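Asks: Read top to bottom, the protein sequences are chains A and B. According to numbering that gives the first Met the number 0, the stretch in the first sequence is residues 0 to 438, in order. According to numbering that gives the first Met the number 0, the stretch in the second sequence is residues 0 to 295, in order.
No wet-lab data here; the hints were simulated from the structure. In this text, all values refer to a predicted model and were calculated from it rather than measured experimentally. One or more of the hints may lead you astray.
As the list claims (entries may be wrong) - With the C-beta cut set under 10 Å, the calculated list includes, among others, these residues of chain B facing chain A:
1. 76
2. 80
3. 88
4. 91
5. 95
6. 125
7. 133
8. 141
9. 144
10. 174
11. 215
12. 217
13. 225
14. 256
15. 267
16. 289
As the list claims (entries may be wrong) - Take a look, some chain B residues computed to stay more than 10 Å from chain A by CB distance:
17. 72
18. 85
19. 92
20. 147
21. 151
22. 160
23. 190
24. 276
Backbone N, C-alpha and C fix where the C-beta goes; we use that ideal spot for every residue, glycine too.
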Amino acid sequence: MTALTRRTALATTAAALAAPWIVPRSALGQPKPARIRIGISTFLSGPASVFGVPGRNAADLLIEQLNAKGGIAGVPIEALVIDEAPGVNFLLGECRRLAQNENVDVMLASISSGSCLAVAPLAEELKLPNIMWDCGTQRIFEEGNWRWSVRTQANAVPEIVAPLLYLLSIRPDVQTVAVVNQDYAWGRDSWAIWKTAMEAIKPGIRVVAELFPKFGATDFSTEITRLQALRPDVVFSTSWGGELDTFVRQAAERRLFERSLFVLPLAESSLERVAKTLPEGVIVGARGDHWFLHPTARDSERLKGFVSEYRKRYGLYPIYPTFHMAQALFALEAAYTKAIAANGGAWPAREQLMDTLRGLEFDHLTGRMKIREDGQGLEPMLIGLAKHVPDYPFPVLDRMVLFPPELTMNPIGTKGLEWVKGLSMETVAKAPAPIPYKA
Amino acid sequence: MGLLFLLAALDGLAYAAQVFLVAVGLTLVFGVLKILNVAHGSLFAIGAYLASTLVGLVGVPWLSLLALAMAALAVGVVLGPVIERGLLARIYEKEHVLQLLVTFALLMILEDVQKLVWGVQPLFEDAPVRLLGQVEVGGIVYTVYQLLLLPGVALLVLVVLAWFLRRTLLGRTIVAVTHDREAAEAIGIDSRRVYLLTFTIGAALAAMGGALAAPTTSLVPGIGVQTIVLSFAVVATAGLGRIEGAAATALLIGLGRSFAVYFTPELEVVVPYLLMVAVLLVRPAGLFGSTELRRV
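Could you put the whole structure together from the sequences, leaning on the hints where they help?
Replies: Below, the structure is given as structure tokens:
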């Protein structure tokens with residue numbers, strides 16, 4: 000046995016004291032917490048609650064299911080939900096309260112792009128892991144470098160490029176287009192992406208009307224009259240919620256669908272409500288790689304179980320925000336699990352959790368997706384044509400195409416609005432083969 | 000170009016009818032009670048939701064129009080007196096700011112009640128629109144409901160209200176209280192009853208605006224707040240308390256918005272408010288309002 004000399008004792012003591020500063024903090028295990036506290040910001044009031052409440056419902060259901068099997072690595076999850084409807088300042092105050100008073104471990108924020116743009120810098124300041132679970136603006140990771148935020152879904156660029164590629168693959172002869180978008184950031188930004196990409200892929204398509212009714216509009220009759228008079232080949236609208244429902248109903252009542260082909264990138268979330276008022280042949284998007292009858296995952300036990308339980312509890316089929324919430328929670332679970340394994344079973348520090356989220360590949364309800372090194376999620380885009388079938392009292396999707404992210408998402412370090420200028424008919428030709436609806 | 004103007008005018012007329020049906024109750028209540036009822040938007044929303052529910056319940060298309068009327072009446076008769084007697088009667092003599100705050104609080108409470116009862120998913124029940132079918136004008140398909148029924152009802156409401164207030168004893172009693180409450184009470188008019196009656200009529204008109212709008216649009220949380228903002232613009236532009244003024248202003252805003260969609264779409268959203276600002280800069284009391292002497 001070696002004798003403990005004064006020199007050895009001093010060196011050992013010095014090394015022990017220096018270790019926390021020499022060894023990266025992320026490599027150090029943390030004491031296992033009694034619970035994981037998650038702050039969730041979503042719309043619980045106002046028009047966007049059509050997305051926010053299903054998102055919250057999905058969180059309730061999935062967290063309950065996760066806790067029933069012991070939580071994440073044996074630690075139960077507790078969710079604290081806040082309403083982002085009162086505005087950005089209120090949201091920031093609430094996020095700060097959750098971080099400092101409620102000691103949440105992770106934030107899942109938010110639905111509105113404005114909210115996400117505001118929460119990302121706050122997450123940096125608080126050093127709080129933040130998973131952007133539903134907001135769409137591509138600007139977040141194009142204009143900022145966020146250590147403490149990732150996004151577990153795609154963004155506006157693929158959400159708009161994919162339906163455009165789909166349109167041009169089935170109707171390459173399009174001559175005229177009109178837009179009817181809500182007059183706020185999403186309506187304007189999505190049209191800018193569509194228009195820029197369209198001009199690059201097929202120059203010469205004429206835009207005959209650019210209509211931006213006010214956000215929250217309840218009447219589109221004037222716009223519909225104008226569209227009937229102009230007879231564009233295509234009517235493009237990224238409207239959502241009650242406004243999309245109203246637009247579809249009013250357009251159907253006035254037989255506008257007979258004159259123009261509609262492209263509705265967010266219509267998956269309205270299908271059950273508008274029912275068969277939405278005619279066959281409309282191009283419908285789902286904001287990602289998910290739908291309750293997903294073409295490649297519909298027979299999986301995981302998806303069937305979720306859809307069945309969600310319907311039993313809430314009386315409705317799950318729509319895209321529920322899948323986005325699931326993606327965020329499954330990413331969190333996968334990141335903790337992976338980080339704990341890398342730590343030899345020790346609980347990870349927040350830094351390590353964030354490091355693990357970047358580059359993480361994880362399974363969700365309808366497939367597998369990846370979070371890029373810049374924090375941006377990569378997932379295919381599901382686009383299809385509305386079809387009426389006897390199995391459901393509302394349209395389903397037929398001739399579905401799953402556009403891979405390589406075809407629709409700009410690479411790290413590029414700006415989406417610039418990148419789409421490089422698209423061409425060759426990109427259209429690379430679209431995967433459509434998958435028919437299976438009864 | 001002639002056809003384009005005709006189409007724009009028809010769209011403007013249909014929109015103006017909807018706007019007037021909401022604003023008329025607000026202006027009537029202000030004219031008599033001197034309270035700017037922010038909760039008017041909630042009465043609109045509840046009328047719309049109830050109408051949608053009743054139309055769905057009756058299930059028979061030809062009864063759907065009756066269901067709309069029943070919903071408006073029910074909201075007016077039930078909620079009107081409860082709000083007037085239970086809340087407003089206590090604040091008539093208070094500061095206008097307090098009155099605004101109280102009715103705003105009521106709006107927020109009723110918004111939550113509405114969410115508790117009907118949830119947050121958009122509701123749409125268009126049986127009355129389908130019942131009346133479509134009509135073509137210059138190759139453009141319109142619904143009979145929007146092109147004929149809504150403007151027809153708006154005109155009827157305007158005529159009946161004007162007749163009621165000027166030609167009937169009850170109406171003249173309301174006008175008397177509006178002009179001078181103390182003098183009216185001195186000759187034996189019960190102003191409390193007049194206030195109750197007026198607010199009930201105002202609530203029923205708000206609910207009717209909602210009930211008639213329900214078959215044309217999706218009902219979502221927040222619809223009441225959006226409605227009240229535009230109604231304020233109409234009422235302020237017309238001059239507070241002016242019923243015919245509200246009709247003329249609704250027409251002006253409806254046509255302005257419609258022509259904007261046709262010729263300068265980017266101005267569509269701001270047209271009502273541009274009109275309001277322009278009018279109030281020139282005539283601070285509104286298009287049809289008159290300057291009043293302040294009583295010491």
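Asks: If a hint holds in the structure, say so; if it does not, say that too.
Replies: Verification of the supplied hints:
Here the hint on residue 76 of chain B is broken, as its CB sits about 26 Å from the closest CB of chain A, past 10 Å. Because the smallest distance between the Cβ of residue 80 of chain B and any Cβ of chain A comes to about 28 Å, over 10 Å, the interface hint for this residue is violated. With 10 Å as the threshold, the beta carbon of residue 88 of chain B stays out of range of chain A, its nearest partner Cβ sitting at about 30 Å, so the hint is violated. Interface hint status for residue 91 of chain B: violated, as the beta-carbon distance to the closest one in chain A is roughly 31 Å, over 10 Å.
Residue-level restraint check for residue 95 of chain B is violated (minimum Cβ-Cβ distance to chain A is 25 Å; threshold 10 Å). At about 6 Å, the closest approach between the beta carbon of residue 125 of chain B and any beta carbon in chain A falls short of 10 Å, and the interface hint on this residue holds. Taking 10 Å as the C-beta cut-off, the interface hint given for residue 133 of chain B holds, the closest approach to chain A being about 7 Å. The restraint placing residue 141 of chain B at the interface with chain A holds, with a minimum CB-CB distance near 7 Å, inside the 10 Å limit.
The interface hint given for residue 144 of chain B is met, as the beta carbon of that residue sits about 9 Å from the closest beta carbon of chain A, less than 10 Å. For residue 174 of chain B, the interface hint is violated, since its Cβ never comes within 10 Å of a Cβ in chain A; the closest pair sits about 33 Å apart. Checking residue 215 of chain B against chain A: minimum C-beta separation of about 7 Å stays under 10 Å; hint holds. For residue 217 of chain B, the shortest C-beta to C-beta distance to chain A is roughly 4 Å, which falls under 10 Å, so the interface hint holds.
Evaluation of the residue 225 of chain B hint against chain A yields a held restraint, the C-beta minimum of about 5 Å falling below 10 Å. Against a cut-off of 10 Å between C-beta atoms, the interface hint on residue 256 of chain B holds, since the closest Cβ of chain A lies about 7 Å away. Given hint, residue 267 of chain B at the interface with chain A, holds; its Cβ is 6 Å from that chain's nearest Cβ, closer than 10 Å. The interface hint given for residue 289 of chain B is violated, since its Cβ lies 32 Å from the closest Cβ of chain A, which is over the 10 Å cut-off.
No Cβ of chain A approaches the Cβ of residue 72 of chain B within 10 Å, the least distance being about 23 Å, so the stated non-interface status holds. Against chain A, the non-interface label of residue 85 of chain B holds: every CB pair exceeds 10 Å, the least being about 25 Å. Here residue 92 of chain B stays apart from chain A, with its beta-carbon at least about 33 Å from theirs, past the 10 Å limit. Every CB of chain A is more than 10 Å from the CB of residue 147 of chain B (nearest about 13 Å), matching its label as outside the interface.
For residue 151 of chain B, the condition that its CB be more than 10 Å from all CB atoms of chain A holds, with the nearest at approximately 16 Å. For residue 160 of chain B, the requirement that its beta carbon stay farther than 10 Å from each beta carbon of chain A is met, with the minimum near 23 Å. With a closest Cβ-Cβ approach of about 36 Å to chain A, residue 190 of chain B is found to remain outside the 10 Å limit, as its non-interface label requires. With a minimum CB-CB distance of about 17 Å to chain A, residue 276 of chain B clears the 10 Å threshold, and the non-interface call stands.
Consistency note: the structure conflicts with the earlier hints numbered 1, 2, 3, 4, 5, 10, 16.
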